[in-house]
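Novice: Put the two chains together into one complex; each comes in its own frame, and the hints tell you how they fit.
Chains as they are written, first to last, in the numbering used here: chain A, 1 to 114; chain B, 115 to 225.
Careful: at least some of the hints might be erroneous.
Said to hold, decoys possible - Per the computed footprint, the stretches of chain B lying under chain A, defined by three or more beta-carbons under 8 Å from a beta-carbon of chain A, are: (1) 144-158; (2) 214-222.
What the hints assert, rightly or not - Below, a sample of chain A positions facing chain B; criterion: calculated Cβ distance under 7 Å: (3) E42; (4) L43; (5) L45; (6) L90; (7) T102; (8) F105; (9) G108.
The set of hints was computed from the structure by calculation and includes no laboratory data.
Everything numeric in this text was worked out from a predicted model, so none of it was measured.
Ideal Cβ placement from N, Cα and C applies to all residues, glycine included.
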Amino acid sequence: EADIYQTPRYLVIGTGKKITLECSQTMGHDKMYWYQQDPGMELHLIHYSYGVNSTEKGDLSSESTVSRIRTEHFPLTLESARPSHTSQYLCASSESRGRTDTQYFGPGTRLTVL
Amino acid sequence: RKEVEQDPGPFNVPEGATVAFNCTYSNSASQSFFWYRQDCRKEPKLLMSVYSSGNEDGRFTAQLNRASQYISLLIRDSKLSDSATYLCVVNRYSGYSTLTFGKGTMLLVSP
Numbered sequence: 001e002a003d004i005y006q007t008p009r010y011l012v013i014g015t016g017k018k019i020t021l022e023c024s025q026t027m028g029h030d031k032m033y034w035y036q037q038d039p040g041m042e043l044h045l046i047h048y049s050y051g052v053n054s055t056e057k058g059d060l061s062s063e064s065t066v067s068r069i070r071t072e073h074f075p076l077t078l079e080s081a082r083p084s085h086t087s088q089y090l091c092a093s094s095e096s097r098g099r100t101d102t103q104y105f106g107p108g109t110r111l112t113v114l
Numbered sequence: 115r116k117e118v119e120q121d122p123g124p125f126n127v128p129e130g131a132t133v134a135f136n137c138t139y140s141n142s143a144s145q146s147f148f149w150y151r152q153d154c155r156k157e158p159k160l161l162m163s164v165y166s167s168g169n170e171d172g173r174f175t176a177q178l179n180r181a182s183q184y185i186s187l188l189i190r191d192s193k194l195s196d197s198a199t200y201l202c203v204v205n206r207y208s209g210y211s212t213l214t215f216g217k218g219t220m221l222l223v224s225p
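Only chain B is shown next, with the shape it has when bound in the complex (with noise of 0.2 Å):
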């Protein structure tokens, strides 16, 4: 089983739209975790953090469930420019630190 598994997608919605990743992680151990945003052949940009009290970014919203190992994306008000691969991120620390990252869930926002 992958340490960070995400449905690749892709996740076609229109302009406007609400849409929702989802991302489950193997590593109990796992202290942080993140959005990172991908962009057809760039680097990754961090997008946001997630709290597990859940945290709000403009439309973005992040959630955390540690009980089920289960973390998720919110985008409300889709744009075109919202389109990109949504990597989740997950940290460990064991002495050191690494984060590991999920395959990324596409998104293509279209007019």
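Isolated chain A, as found in the complex (with noise of 0.2 Å):
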């Protein structure tokens, strides 16, 4: 099992407000992601990070933003959450293995914006 942990579980919270999702691993993998997933839908990449003080955009846009202080550490922050922002939000994390990664995930965090 890999030891990856997202808090809040479950979030519902009204527009306008900012949150924050956690996201952490003790596997001391460089690489970390989020991905967003709507029901019955595929994942899509919002956000990478190769390491400490990386931050990508992936390919779904997002106007979440990231930040990577802690190798551990991948927080997701929505400045103002919207109705649209409802979705499950899933954070992973992969070591380097040269060109193939494998990616571990955490539990998910289910948002619902009212």
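Specialist: Dropping the structure here:
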């Protein structure tokens, strides 16, 4: 089992609130990722990081931001939540092994914005 | 055209049946291939990597055809616990490595 944690697991919040979704891993992985997944749909990469102080936007445009100040921690922030942000957010990490990285996922945060 | 395409199913099979899923990918630069399993409202978990020569892990067999850009997963002797969505996943490397996920194929195994 992978040691990657996300909090909160479920969050219901009103429009306009600032929220931070936490993700941490204890495996010492250098790469971390955030995906967004709507029910019945595929995962879309929204952010990734290849190490401390490195962050990049993924394939799907997102209004969220991320930071990577510590190797083990990769929080995602929404400055002003909107109903369109309602989704499941999955964090993942992987260890660099050449060109093949196996990604391990956290349990996800299910966000509902009212 | 989506980068990774799968039949969404559901595939309804009885226990003990053999079932096969297919997946096609459009980016010929894809280098690594995986099958992940995702239970309802849970996170994806790696089922197995897919190698060019084909590989087997217990009841599961994966095949890759690079010429046709086609990946398959065969499950033999299906168990109730195999009920899940199976995600075809392709890794691209162009200076950095990213995964592209298919929408998944749902499998329902009944008693």
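Novice: Give a verdict on every hint.
Specialist: Taking the hints in turn, this is what the structure says about them:
1. 144-158: holds (count 7)
2. 214-222: It holds, with 5 qualifying residues against the three required.
3. E42: 4 Å, holds
4. L43: 4 Å, holds
5. L45: 6 Å, holds
6. L90: Holds - the Cβ of A:L90 comes within 7 Å of chain B, reaching about 6 Å at its closest.
7. T102: Interface hint status for A:T102: holds (6 Å vs cutoff 7 Å).
8. F105: 4 Å, holds
9. G108: For A:G108, the interface hint holds, since the closest Cβ of chain B sits about 5 Å away, which is under 7 Å.
In this structure, none of the earlier numbered hints is contradicted; all agree with it.
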